[in-house]
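Each chain is listed here by its residues.
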Amino acid sequence: MSAEPKRLILNLFEMNCVSHITHGLWRLPGNNRQRFNDIDYWIELAQLLEAGGFDAVFLADVIGAYDVFRDGPETALREGLQIPSNDPLLVISAMAAVTKHLGFGVTFSTSYEPPFAFARRMSTLDHLTKGRMGWNIVTSYLPNAARNFGHADEIAHDHRYEIADEYLDVLYKLWEGSWDDDAVIADAENLVYTDPARVRYINHVGEHFSVAGPHLSEPSRQRTPVLFQATASRAGTAFAGKHAEVVFTGGPTAAGVVAGIQAMRDAAVTEGRAAEDIKFIVQAGIVVGRTEEEAAEKLRAYRELASVEGRLAHASLPFDPTAHPPEITVRQALTREGKTAAPGAGYLPQEQTVGDFLENIASSWDEQFFVVGTPTVVADAIESWLDDIGIDGINLRQYHSFGTAQDFIELVVPELRRRGRLRESYVDGETLRERIFGGSARLQAPHAATRYRNGANLGAPRLEIPARV
Amino acid sequence: MTRKPLHFNAFVMNTTSHIHHGQWRRPDAGQVDFNNVQLWIDLARLLEEAKFDAMFFADVSGLYGDSDADFDVYVREGLQIPSNDPTVLLGALAVSTSQIGLALTSNVVQSHPFHFARQISTLDHISNGRIAWNIVTGVQDNGARNFGLPQLTDHAERYEWAEEYVDVAYKLWEGSWDEGALLQDKESGVYADTSKIHKIYHEGKRYTVEGPHLPSPSPQRTPVLYQAGSSKSGRAFAAKNAEATFIIAPSPAVAAEQIAQTRALAVTYGRNPDDIKFFQGLSFVIGDTQEEAEAKAAEYETYVSVDGYLAHAAIVDASGRVYPPETLVKDVETNTMKGFLEWISQYITDREPVVGDLALLQSRNTRIVGTPEQIADEIERWQDAGVDGINVINWVIPGSFAEFADKVLPVLRDRGLAQRNYAEGPLRQKLFGEPRLNERHPAARYRGAFADAPVPE
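As they're listed, the protein sequences go chains L and V. So the first sequence is residues 1 to 469, counted in my numbering. So the second sequence is residues 470 to 926, counted in my numbering.
Treat the hints as calculated values from the structure; they're not laboratory data. Possibly wrong hints are sitting among the right ones.
Residues from chain V shown here face chain L by an in silico Cβ test under 7 Å; the list is partial [stated by the list, open to error]: (1) Arg-494; (2) Val-506; (3) Leu-508; (4) Pro-551; (5) Gly-560; (6) Gln-579; (7) Phe-583; (8) His-584; (9) Gly-617; (10) Tyr-660; (11) Tyr-670; (12) Ser-702.
Using C-beta positions, here's what the derived DEER-type ranges look like [as the list claims (entries may be wrong)]: (13) L:Gly-206 x V:Asn-907: 41 to 51 Å; (14) L:Ala-188 x V:Ser-788: 23 to 33 Å; (15) L:Gly-344 x V:Asn-890: 49 to 59 Å; (16) V:Asp-537 x L:His-151: 29 to 39 Å; (17) V:Asp-539 x L:Asn-457: 17 to 27 Å; (18) V:Gln-620 x L:Gly-344: 41 to 51 Å; (19) V:Asp-623 x L:Pro-343: 40 to 50 Å; (20) L:Asn-457 x V:Asp-537: 20 to 30 Å; (21) V:Gln-620 x L:Asp-388: 57 to 67 Å.
Rough simulated footprint, nothing fancy, chain L against chain V, three-plus residues with beta-carbon under 8 Å [what the hints assert, rightly or not]: (22) 481 to 490; (23) 529 to 541; (24) 681 to 691.
Quick caveat, the model's predicted, so the values are computed rather than measured. Glycine included, each C-beta is placed from N, C-alpha and C at the ideal position.
Excised from the complex, chain V in its bound form (with noise of 0.2 Å):
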C-alpha cells in the first residue's frame, strides 16, 4: 500500500552543541563552524536538493540553569552558547535556496510584537512565502535576566503574554492592510490607497499598538505558526493558535495519545482536527546492515557527554554544577527532576536510577538504529500514530542531513512516504493546499476589522 507523504524538517540551531551535545568532538562536526555563513548555505541546498519541506532553527534567549549560578558546564560544552541569532541568517539561506521552508524560533520577550511582526513581514517578503515562526515563551531564568525581568514569568501568565503578542501580531498581518491596497500606479503615482490601509490601535495588559503595519502583505502574510509547548497551557495555546507543532514523545502510543488531545482541544476552538500537523522528533543512526548502524551507535555513544545532557536539562545543582553521574535521581532537587524521575522509572525498574542513567537515556531517547528499511517501518509506526511529520536531530551537520538523504529518503520514497518533489506555492500553501490561514484560525478575524475602527481617545 502507498502511504501518504509525511513532511520532513531538518532540526538546527546557529551554535555548537543544540541537542546531541558532546558530538561536535567527532571529526565529521561541521556544526562548530556555525559562524561561518557558508556552512548554512551549503546545508540549505543539501536539504533543498533532498526536498525537505523545511530547516527548523531553534534557539533560546540565554542559558540553561539556575540564573545565579556559575554557567562553566554550558560555556564548556559549548551547549546553545555560543550561539547566533537565526533572524539575520534567514535572509542568505532564502537567497541560496527557492523552495524550501525557513522555521525561526523567536521569544516573545526577545522583542516588540511590532518590530517582529515587520522582520517576519520582511523575511516572508524575501523569501517569497516561505517564513514559518515558532513561536517560544521561554523556559530560562536568564533569558528572562537578559530582557529586564528579575526571572522567569510564570508559566500561565507567559501564555497568557503569548496571546496577546500574536494577537497583536495578526492584527498587523491579517488586519491593517486589505487585499488590492497597493496600486503601483506609476500614471497618477499613486502608490498605494489609503482607504485599504488602517491603523490597529491596538490596547491590551501589555501592549498599546498604533499602527499600521509597515510592509505590505507578504505572500503567507501570517506566517505559519509553530508551537512546542506540551503543559496545559501550552497545549491550549498549540490548540488554538498552531498549525504545526513540536513533540518529542517517547513512542508512537504516547504521541497518539498527545495528538489527540491537542486535536479534540482544536475543536473546541472552532478549528478542524486536522488544523494541526504535528511533527515528532526524532534522530538516526543509520547502517547498512543492522550490524554496522549498531556499531555506529556504540561509536556515537563515546562521543556522549553526560555533563552536556544533564546540564541541558537543567540537573545542576544551586552552584550551577553538574551532579556526579553516580548520584542518585531520587536524591537530586531541581525544578525539572520530578518530571524526569517519572519518565526514568518507566525504563529502569530493577535499581535506584541514577543521573549518569539519564544522560545516556537522554541520549537514546527517539533515537532509531537501523537499516534503511528498518527506520522507514520505524516511521511507519510514527505515522499511523497520526504523525504527519518529522523534525529530524542531527547528531552533525551536515553528515546527518546528507546520510539521511542519501539512504533513508529514497526508501521512504518508494514507499510514498516521503515527497519526491515540491508542491506550488508559499509554505502553508506547501503543507495545507492554501496560501493562507484558513478562516477558524483566531487571526482570520482580523480580516477587514479595521475599515472603519474608531480612532480612541
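Next comes chain L alone, as it looks inside the complex (with noise of 0.2 Å):
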C-alpha cells in the first residue's frame, strides 16, 4: 500500500443553459436551472462549491443548437436542451468576485474565433481570479455551430485538429513568449511602466493565422490557463499528448476507459513529456442517500422525470427510433427514413431492435461512473475508479441544482476527507495548476508551450502577411 492515497480532483460539471445533460429534470421540484440567466445562481452555487471543497466548477458549452434529429431544433428547444444558452466566459468574473479559491474549466473552441482576442480575456480573467483559470480546448461538433459561423458544413474532424495546433501554438507565443516575467516595473521616477526590451512581437504567420502581436495583457498568475481537453478521439489522444495536461474522457466500459488513457500517456511520452503529466477526470453520475432506500428514492423519482426525447436529440441521432415499430432493426429503421448513409449512421448498432435501442439509450446514463447509495458506497465507488480505473478525478453530473452538489458535500465529502481522499482545506493563493499538480503554477518544460519563453522560436521581427487565395 502507497503511503499517500490518490487525492481526487473534484469538478462539477456544469453548462449555461437549462438543460445540459440530465434532460427532462429541469422539472424537479426545487430545481433553480430555470435560473441560468440570473447572475444569483452563479453566486450563490460557487459559494456553495468552495465551502464544500470543490476544486473547480467545469463549465461547458456548444455554439450551435442540436437540430440534427428529426432534422430540426424543436426537440432541443422544447426540452431547452443546450438552448437557450449564455456564454461560459462571462459567469465566471462574477464568481470570482465572491470566491477566493474555486477554480474556472471553461469550454472554449478553437474552430471559430480568433486567437488573439480569446488569448487576452484568458489572461484578463486569470488575472482577475489570480491564477484560478482552467480551458476546456474543444473543436466544436454541431454542424449548426458550423453554419453560424459562415461555414457551409462542419469542419472535417482531423482538419479541426490541424487548426487546433496552430490556435494553440498562437496563444502560446502570446501567454508565455510574448512578455518576460519583469516586464512591469512601474518605475515613476523614470516614467517607465513596462521596460520595452521585455516585450516582444510574436509574428505568427502560419496556414490559418497570421498574429502581430505584442500581447496586450502583462503575464498573469499561471500565464497559460491549466490546459483541460475533452476528446477520446485519435487525432485527439496526439493533441492531448502534445498539449493537454487534464482530459476528460470517458467510454462506455472500463477497458475502454483503460485503453483511452493508456494511448494518451503514450502520445504524451512521444512528444517527450512524462506519462504521468496527464491526468484524467471523467463525467461521474453519483446519487446519494443517507440510506440505501433515500439514494434509491432519489434515482426513482430522476428516471421518472427523464426526457428519453432529450437524449435522442442530444445524441444527435440521424433517425427518429419513437416513430417506428419497436420490433424492427435499427438498419430497417433507418432504411424506411431514407438515412442508412447520413453521418453518424454507421456509429448505430444496426442489428439492435429499436425497442432494445431506445431502452439502451433510456438507460446509458448507469454505464460508467456511476453509483447510487450510502455515502460508504459511495466512497467505494470513486476509490475504486481511481485505484483500479486510474482516473484522477470526476466532472460531477447535476441531476439537481443544487441538490446533486449539497449532498456530495454534505455526504460524500467527509467520508472522502476521511479516506484521505480530498484536502480538509484550499491553500491560500494557491493556482488552479498548483491545486492539481503540485509544483509550479506555470507550465513546465517540454510542454510545448515553454518553447516560446523569453522569447524563443518566435516569428520573424516584421510581419510578413502572405496574400491570401
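Dock chain one against chain two, each of which comes alone in its own frame, and use the hints as you go.
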C-alpha cells in the first residue's frame, strides 16, 4: 500500500443553460436550473462549491443548436436542451468576485473565433481570478455551429485538430513568449511603466492565422491557463499528448477507458513529456442518500422525469426511433427514413431492435462511473475508479441544482476526507495548476508552450502576411 | 431655473495609462492596479453610490502607431498596454452593483458577430439589462494585424463591415426569438415554444450566419448602442445606428454644430432627432477656490508625459520614436498630423507650433479647472450647446471620480443638472424611458421578420 492515497480532483459539471445532460429533470421540485440567466444562480453555486471544498466548476459549452435529430432544433428547444444557452466566460468574473479558491474550467472552441482576442480574455480572467483559470479545449462538433460561423458544414474532424494545433501555438506565443515576467517595473521616477526590451511581437504566420502581437495583457499568475481537453478520438489523442494537462475522457467500458488513458499517456511520452504529466477526469453520476432507500428513492424520482427525447436529440440521432415499431432493427428504421448514409449512421448498432436501442439509450446514464447508495458505497466506488481504473478526478453530473452538489458536500465529502481522498481545506493563494499538480503555477518544460519563453522561437522581426487566396 | 439632468458616465479603460498619460506616477493613482478585480468593484460601487449613469470602458485591439515600428514608447508609458479585456470583467461588476450601466467597447474585427451577440446577451441577462456596446471599427494597423489582416481596412469599408456586423447582431437579438417563446412549463416538460424561435439565415458580404440565437431574449435584447466616430462615414453610421455618441468637441460651439449635423442626419434615416444622446468627454480639476484649482492643475501638469500624448496621437517617426518636443509641427509627416496641425493653428497663431505644444494642449483639451460652482457653470454651457451627458475622463482612479462625486455632483444636483436617484428598469429605460429599441431604429425591422422565412438552399 502506498503511503498517500491518490487524491480526487473534484469538479462540478455545469453549463450556462437549463438542460445540460440530465434532460427532463429541470422540472424536479426545487431545481434551480431555470435561473441560469440570473447571476445570483452562479454566485450561490460558486459559494456553495467553495464552502464544500470543490476544486473547480467545469463549464461546458456549444455554439450551435442540436438540430440533427428530426432535422431541426424543435426537440432541443422544447427540452431546453442546451438552448437557450449563454456564454460561459462571462459568468466567471462574477463567481470569482465572491470566491477565493474555486477554480474555473471553461470550454472554448478553437474553430471559429480569432486567437488574439481569446488569449487576452483568458489572461484577463487569470488576472481577475489570481490564477484560477482552466480552459477546456474543444474543436466543436455541431453542424449548426459551423453554419453560425459561415461554414457550409462542419470542418472535417482531423482538420479541426490541425487548426487547433496552430491556434494553441499562437496562444502559447502570446501567453508565454511575448512578455517576460519582470517586464512591468512601474518606475514612476523614470517614467517607465514597462521595460520595452522585455516585450515583443510574436509575428506568427501560419496556414490558418497571422498574428502580430504583442500580447496586450501582462503575464498572469499561470500565464497559460490549465489546459483541459475533452476527447476520446485518435486525432484528439495525439493532440492531448502534446497539449493537454487534464483530459476529460470517458467511454462505455472500463477497459476502453483504461486503454484510452494509456494511449494518451503514450502520446505524451512520444512528445517527450512524462506519462503522468496528464491527469484524467471523467463525468460521474452519483446519487447519494443517508440510506440505500433514500438513494433509491432519489434515483426513482430522476428516472421518472428523465426525457428520452432529450437524450435522442442530444445524441444527434440521424433517425427517429420513436417513430418506428419496436421490433424492427435499427437498420430497417434507417432504410425506411432513407438515412442509411447519414452522418453517424455507421456508428449505430444496426442489428439491434429499435425497442432495445431505445431502452439502452434511456438507461445509458448508468453505464460507467455511476453509483447509487450510501456515502460508504459511493466512496468505495470512487476509490475503485481512482485506484483500479486509474482516473484522477470527476466532473460531477448534476441531476438537481443545487441538490446534487449539496448532497455530495454533505454526505460524500466528509467520507472522502476521512479516507484521505480530499483535502481538509484550500491552500491560500494557490493557483489551479498548483492545486492539481503541486509544483509550479506555470507550465513546465518540455511542454510545447514553454519553448517560447523569453521570446525564443518567435516569428521574424517583421510580420510578413502572405496574400490569401 | 431648474435644469434637465444630464447623464454622467465614468470613462475608464482596463489599463494603466488611458488618456492622461504620465498621471499613473501620482501616489494616488490606483489604475496601476488594474489587474486586480477589486479596484474595479470598488470603483463601480463608488460610482453607483454617486448615481453615475454608467461606467464606460474604452478598449483597443492592438498598439497605436506604425505597425512595423518599435513600440517602446507605448510600453514604457503603459499607454493602453498592458491592457485587459473589458468584456470578461463586467460580470464581476454586474454582481457588485444593481443600477449602474456597464458599457463596453468591442471592435468588429475581434469577434465573429454570432459569438459577440451571444456574449452581449449573456451580459445583459446577468446584469439585468444594464449593458451598452460602444461599436468601434479600430484605428490601429497593429490591431488589424492581430486578427490576420495585413493592415487596417480602409475607412469607408470598415463602416460597411460594421453595418453588416450590426445587422447580423440585430437579427439575432431582435428577430430570432419572439416574445413569449419561453414557456417553462414544468407540467408538460416544454421549455420553449419552437414556433416562436427562428433561424435568421443571414447571408452577406462577410458573414453567413444561420442561427437561431442561443440565448433567450435579455431585458434589453439589443444593448444600448454607443458610437464614437467623428468622420463622415462614422457620423453616418452613428446617425443610423447609435443611441448615444461620444464626442470630444473642443468647445460647446463645435459640439453644437456636430450635434445638429448628426441629429439632422438621423432624421434622414427615419429617426427622431432626440433618438441620439450626445456625451461630451471632459476632465476636471476641482478646487475649493479658483487658486486652489489652478495650483492643482499646475501640479497635475508636472506629471504630464509629453511622449505619452504624442504617442497616443501617433505622432511618431517611421521607427516608432516620438519626435522631440521642439520639432516644428509642420515638419512632421504622419497620417494623423494634418488634422492636428489645423487644430493647433487655432490656438497658436504668433509662432510656428511645435509638437511639445501639442502634448500640453492635448492634456488641457476639454479640461475644466475651477471650483464646483465654476465647473457647474461650464457644464451648463455644454448643456446649452445640446449635450445630453458628460463622459468624465479621469486623471487617477478612483480619486478623480470620488472628488467629482463629493464636490461637483452636489452642486449639479442643486441646479437640477444631475440625477438624485436612478430611474426604474434597464439602462435604456433609464435613458430613454423604454427598455427596448424604438420602432424607428433599423434593428426594429427584424422583429417578427423570420417567422416565415424560407430556408435557403
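Legend entry - Structure versus earlier hints - violations, ascending order: Result: hints 3, 11, 12 break, sorted rising.
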